[in-house]
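Spelled out from the first residue to the last, the chains are:
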Amino acid sequence: MVDSGGASMIEVGTKLTERIFWIDRALLKQYADASGDQNPIHQDEAFAKSVGLPDVIAHGMLTMALVAKFVTDWSGGSASMKEFSGRFTKPVIVPAGAQVDLTVNGIVVEVDEQTVRLELTATSNGIKVLGMSKALTFYS
Amino acid sequence: MLNPDSVGRTFYGAEPVSVTQSEIDSFAAVVGELNPVVAPPTFSIRITLAQSQQLLSDPSVGLDWSRLVHGDQKFEIHRPIVAGDQLTCSSTIENYKVAAGNEIVTVRSDLHAGSELVVSTWSTLVVRA
Numbered sequence: 001m002v003d004s005g006g007a008s009m010i011e012v013g014t015k016l017t018e019r020i021f022w023i024d025r026a027l028l029k030q031y032a033d034a035s036g037d038q039n040p041i042h043q044d045e046a047f048a049k050s051v052g053l054p055d056v057i058a059h060g061m062l063t064m065a066l067v068a069k070f071v072t073d074w075s076g077g078s079a080s081m082k083e084f085s086g087r088f089t090k091p092v093i094v095p096a097g098a099q100v101d102l103t104v105n106g107i108v109v110e111v112d113e114q115t116v117r118l119e120l121t122a123t124s125n126g127i128k129v130l131g132m133s134k135a136l137t138f139y140s
Numbered sequence: 001m002l003n004p005d006s007v008g009r010t011f012y013g014a015e016p017v018s019v020t021q022s023e024i025d026s027f028a029a030v031v032g033e034l035n036p037v038v039a040p041p042t043f044s045i046r047i048t049l050a051q052s053q054q055l056l057s058d059p060s061v062g063l064d065w066s067r068l069v070h071g072d073q074k075f076e077i078h079r080p081i082v083a084g085d086q087l088t089c090s091s092t093i094e095n096y097k098v099a100a101g102n103e104i105v106t107v108r109s110d111l112h113a114g115s116e117l118v119v120s121t122w123s124t125l126v127v128r129a
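Residue numbers (the UniProt record's numbering), protein chains in the order written: chain Y, 1 to 140; chain P, 1 to 129.
The set of hints was computed from the structure by calculation and includes no laboratory data.
Keep in mind the model is a prediction, meaning the values are calculated, not measured.
Check the hints yourself; a few may be wrong.
Stated by the list, open to error - Some residues of chain P that are not near chain Y, with every Cβ distance over 10 Å (derived): (1) Ser18; (2) Pro59; (3) His70.
What the hints assert, rightly or not - Once the Cα atoms are required to be at most 30 Å apart in a straight line, the calculated DSS-like pairs of lysine-lysine come out as: (4) Y:Lys128 x Y:Lys82; (5) P:Lys97 x Y:Lys90; (6) Y:Lys15 x Y:Lys90; (7) P:Lys74 x Y:Lys29; (8) Y:Lys128 x P:Lys97; (9) Y:Lys134 x Y:Lys82; (10) Y:Lys90 x P:Lys74.
No residue lacks a Cβ here, since even glycine has one placed at the ideal position from N, Cα and C.
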């Protein structure tokens, strides 16, 4: 039998190689401009502190954009993503002048003929910032 | 507090949103992707968050957007968004509850190109007490 490749080649339990993205204030500004989300809690330290946050925090959707990149670099590009979800458990705190990590991991939990389901985690400074995260992707 | 009558109501964006290659390029560049052919998977948030915020700012809904935190997010992508798409956004308040004084609202937004459903998103928003 000729193996058609794709998702059928992947085994449940396969772990994706851990990847670290680095986040700084400049990236937050870049994401704010690209997404249209100009909420000052992501750019203005004095404002963030005035509403009870420890410092400027990253957009939750920036975290998800980076985790999506982690998934689709593995699965075959942006067009491969079918479903993607997550819960923002803690903020990613981004002090001035600092680069903070977003450390992303994933594991294959289900394989179909064409698709792969992944469970994903993301931490920053050792703290879980994205939970209950799943992706369903085509795999090529 | 949110007006309970607004739960289940669907709000329609008036104008279709045109997607440009330069918007896709800018969004993709944030995650280090150059020369993208299609929009990154979470690109639709650029449209749905602004549109649903506008729609749900209707005084009859009563949500206080100034105290809002993003709790959960989900995407169902039927096909990738591409440059030239003209997308209309409709938003429905699917669920609403109050827990420990916080209001928790789940908003579903659908993006259609003509009659074709392109992306559905669910945003759970928490209005802090």
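Check your understanding: Can you give the numbers of the hints that this structure goes against, from lowest to highest?
Key -> 3
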